[in-house]
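S.K.: Take a look at the letters that make up each chain.
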Amino acid sequence: MSHLAHTVAVRATGVDMFFGTPENRVVALKQAEFEARRGELIMLVGPSGCGKTTLLSVIAGTLTPQAGTVEVFGQRLDGLGQEALTAFRRRNLGFVFQSFNLIPTLTVVENVMVPLLIQGRSFGEARASALAILDKVGLKGREDGRPNALSGGQQQRGAIARALVHEPPLLICDEPTSALDKDTGGHIMQLVRDLSRSPERCVVVVTHDHRIFRFADRIAEMEDGRISRVVDDPKLLDTTHL
Amino acid sequence: MYRLALNMLFGDRAKLAMLLCGLAFSALLMAQQSSVFFGIMSWTYTPMVNIRAQVWVSDPMVEQVNDAKPLRDTDLGRVRSVDGVAWAAPLHTSFVQARMQDGNFKLITLVGIDADTFAGAPAVLSQGRIEDLRLPDTVIVDEWGAALMGRMGVGPDGKPKNTPLQVGDTFEINDIQARIVGICRVKRAFTGGPFVYTTYDRAKGYTLGARRTLSFMLVEPQKGVAPAELCDRIERDTGLKAWTSDTVIWSWGERSLARNTFWWFWTNTGIPFSFGTAVLLGLFVGIAISGQTFYSFVLENLKYFAAIKAMGAGMGVIARMLFVQAFTAGLIGFGLGAGMAQAIGRVMIEKGMPPFVMYPQILWATFALVLGISFVSAVIGIIKVSRVDAASVFRG
Numbered sequence: 000m001s002h003l004a005h006t007v008a009v010r011a012t013g014v015d016m017f018f019g020t021p022e023n024r025v026v027a028l029k030q031a032e033f034e035a036r037r038g039e040l041i042m043l044v045g046p047s048g049c050g051k052t053t054l055l056s057v058i059a060g061t062l063t064p065q066a067g068t069v070e071v072f073g074q075r076l077d078g079l080g081q082e083a084l085t086a087f088r089r090r091n092l093g094f095v096f097q098s099f100n101l102i103p104t105l106t107v108v109e110n111v112m113v114p115l116l117i118q119g120r121s122f123g124e125a126r127a128s129a130l131a132i133l134d135k136v137g138l139k140g141r142e143d144g145r146p147n148a149l150s151g152g153q154q155q156r157g158a159i160a161r162a163l164v165h166e167p168p169l170l171i172c173d174e175p176t177s178a179l180d181k182d183t184g185g186h187i188m189q190l191v192r193d194l195s196r197s198p199e200r201c202v203v204v205v206t207h208d209h210r211i212f213r214f215a216d217r218i219a220e221m222e223d224g225r226i227s228r229v230v231d232d233p234k235l236l237d238t239t240h241l
Numbered sequence: 000m001y002r003l004a005l006n007m008l009f010g011d012r013a014k015l016a017m018l019l020c021g022l023a024f025s026a027l028l029m030a031q032q033s034s035v036f037f038g039i040m041s042w043t044y045t046p047m048v049n050i051r052a053q054v055w056v057s058d059p060m061v062e063q064v065n066d067a068k069p070l071r072d073t074d075l076g077r078v079r080s081v082d083g084v085a086w087a088a089p090l091h092t093s094f095v096q097a098r099m100q101d102g103n104f105k106l107i108t109l110v111g112i113d114a115d116t117f118a119g120a121p122a123v124l125s126q127g128r129i130e131d132l133r134l135p136d137t138v139i140v141d142e143w144g145a146a147l148m149g150r151m152g153v154g155p156d157g158k159p160k161n162t163p164l165q166v167g168d169t170f171e172i173n174d175i176q177a178r179i180v181g182i183c184r185v186k187r188a189f190t191g192g193p194f195v196y197t198t199y200d201r202a203k204g205y206t207l208g209a210r211r212t213l214s215f216m217l218v219e220p221q222k223g224v225a226p227a228e229l230c231d232r233i234e235r236d237t238g239l240k241a242w243t244s245d246t247v248i249w250s251w252g253e254r255s256l257a258r259n260t261f262w263w264f265w266t267n268t269g270i271p272f273s274f275g276t277a278v279l280l281g282l283f284v285g286i287a288i289s290g291q292t293f294y295s296f297v298l299e300n301l302k303y304f305a306a307i308k309a310m311g312a313g314m315g316v317i318a319r320m321l322f323v324q325a326f327t328a329g330l331i332g333f334g335l336g337a338g339m340a341q342a343i344g345r346v347m348i349e350k351g352m353p354p355f356v357m358y359p360q361i362l363w364a365t366f367a368l369v370l371g372i373s374f375v376s377a378v379i380g381i382i383k384v385s386r387v388d389a390a391s392v393f394r395g
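Chains as they are written, first to last, in numbering that gives the first Met the number 0: chain S, 0 to 241; chain W, 0 to 395.
Accuracy of the hints is not assured; some may be wrong.
[To be verified] To give an idea of the chain S side of the interface with chain W (calculated C-beta under 7 Å), a few residues:
| # | residue |
| --- | --- |
| 1 | 15 |
| 2 | 17 |
| 3 | 41 |
| 4 | 63 |
| 5 | 65 |
| 6 | 72 |
| 7 | 88 |
| 8 | 100 |
| 9 | 104 |
| 10 | 114 |
| 11 | 115 |
| 12 | 116 |
| 13 | 121 |
| 14 | 130 |
| 15 | 142 |
[What the hints assert, rightly or not] Now the stretches of chain W that chain S is said to cover, found in silico as 3 or more residues with beta-carbon under 8 Å:
| # | segment |
| --- | --- |
| 16 | 300 to 312 |
| 17 | 384 to 390 |
[Claimed, not checked] 20 Å max Cα-Cα, derived DMTMM-like pairs, lysine to aspartate or glutamate:
| # | chain 1 | residue 1 | chain 2 | residue 2 |
| --- | --- | --- | --- | --- |
| 18 | W | 105 | W | 72 |
| 19 | W | 105 | W | 62 |
| 20 | W | 302 | W | 174 |
| 21 | W | 302 | S | 174 |
| 22 | W | 383 | S | 82 |
| 23 | W | 203 | W | 72 |
Hint data in this document are derived by calculation from the structure and do not stem from the laboratory.
Yeah, the Cβ is synthetic: ideal placement off N, Cα and C, and Gly gets one too.
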């Protein structure tokens, strides 16, 4: 790895996040500390309810923590208003969702165009970029079909294309392989890894799927609302509770 | 994004069809009922259309054209003497019973016009000549009346004719023979009775017992004198009421007898309430169906809107997407509904019943109301989407 790989892409410090009323409080994150580096693919793992998704939402700027600081590629997110957070996500984030979230009434290429159109690009320009990335993810020839005409793996490829079409520095993947079989999941993760290998990019993956741990540069294990440890080798993890 | 918003809308054909059905039905109901309403209301001032004159003069207490209060015959001379009057002719209008050959009676609108000038005569005669009204016991009947009264007629063999009355046929008014010398084409009246034209003097004979028979005076202004100005002069010099023949009911001219008649029926009958209820029903049905369908469309797409929000689309963009979708559906729904209303109207106009007048204002108002329905639908959707947390996309 280059020296850039060791510079920080995402840093969350002392993050508290709770839901509900003060009398009936559910603590999701408790003094959580998290760090992801440029050029790496880091996985967040842990049992259900440990706060993975909440931490992912905080990093993505879709949730604002009650305490702590969050910095993504040098930009402090805590203290930003909703409008600024929205603009930040538009420029800097790509999302891959567990259930793909491809809009069924749009064609595959139209789905991939969405982030570019949100940025204000012209329809023609967005279509050209979308077609180029669909080619990269192996969906050439399927661009004008509807998502429900694709297999699960192909749909997730489409979702990855949508997440990367506007070249965001931070790629957020929420359980990207949970709806896929082992081989397809492996191919998808290989694709994510290949496409995201850049010193100017960072990939954060939340997963329960230990079959894909081998694609991670590092794995952060969560427990009770905080990171309990970070390992470089998946073999060091006890996966029985995941 | 707006193109994609439209593709989202058109991509769900079942929902779109439901949405368009609601909007089209609503537009149809509003446009069709309003057109029938204005059609019926246009019948209220039919005499103003069928009896043509630039200025009408009446008793000061007259409120509408179907309610004539007889004048003295000497009033005609007073009006003729007003500066700016080119000519003035007497006009008799009354509702009388006509007795058909089979013994049935039919209420008719008897119109007596000046035999010298034929001022107020029907514009179109499909049979006969207007001059023949100068012959004894003669009348001219309108086409619809001829058909209606023909069904009551008896042929030479003594059997019902079932064919429209023709020139040469006869019937009786107050036991006095009326011989048809012409068939005219005029607009039907609110009262439903056929128009039967005769001369003013003969009309006096047909209405035996009436002390005064001068219902209105038809006046032509001299060249260069505006009708409204002449009305002022007549009122000032004679104390009578003078009206213009303007039949544009949307105007605010207080001198229009047609407009006064229209508003008299508006305020003194239950017709506007009845049709207004139907129009409101159309509006509420439209809001209910379209609002519900659009809401369900938004609900089905909620997780995608949440994903779009997470990807960095502000609520402004999403609101505009929803407005584009709702207004596009509204536009198409209005087109379909107004088109159907036009088609139904065409059939109505061909059949003559019920009356149908689709003013451009009706279309504009319907268009505005359908867009209002779309607006409400979009706002309901926007409220729902605005309450969706972008973070919800990570919860499966």
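S.K.: Take the shortest C-beta to C-beta distance between residue 116/S and chain W; is it under 7 Å?
M.R.: OK, holds: residue 116/S within 7 Å of chain W, min 5 Å.
S.K.: Under 7 Å, Cβ to Cβ, is where residue 88/S needs to be relative to chain W, so tell me if that hint holds or is violated.
M.R.: 4 Å, holds
S.K.: Please check whether residue 115/S passes as an interface residue: C-beta within 7 Å of a C-beta belonging to chain W.
M.R.: Cβ of residue 115/S sits 10 Å from chain W, so the hint is violated.
S.K.: Regarding the pair residue 105/W and residue 62/W, is the alpha-carbon distance no greater than 20 Å?
M.R.: 26 Å, violated
S.K.: Are residue 383/W and residue 82/S close enough, with their CA atoms no more than 20 Å apart?
M.R.: Holds, because 19 Å separates the two Cα atoms, which is no more than 20 Å.
S.K.: Quick check: the segment 300 to 312 of chain W, covered by chain S? Criterion 3+ residues, Cβ under 8 Å.
M.R.: holds (count 10)
S.K.: Checking C-beta pairs, does the segment 384 to 390 of chain W have three or more residues closer than 8 Å to chain S?
M.R.: Three-residue rule met by the segment 384 to 390 of chain W, so holds; n is 3.
S.K.: Is the interface hint satisfied for residue 15/S? The criterion is a beta-carbon contact with chain W at less than 7 Å.
M.R.: Violated, about 16 Å.
S.K.: Need the status of pair residue 105/W, residue 72/W: alpha-carbon distance at most 20 Å?
M.R.: 29 Å, violated
S.K.: Given the hinted pair residue 302/W and residue 174/S, is their Cα-Cα distance within 20 Å?
M.R.: Roughly 16 Å between the alpha carbons, so the hint for residue 302/W and residue 174/S holds.
S.K.: Would the hint on residue 41/S be counted as holding, given a Cβ-Cβ threshold of 7 Å to chain W?
M.R.: 17 Å, violated
S.K.: Next item in the hint list is residue 130/S. Is there a CB on chain W closer than 7 Å to its CB?
M.R.: 16 Å, violated
The earlier numbered hints that this structure contradicts are 1, 2, 3, 4, 5, 6, 11, 13, 14, 15, 18, 19, 20.
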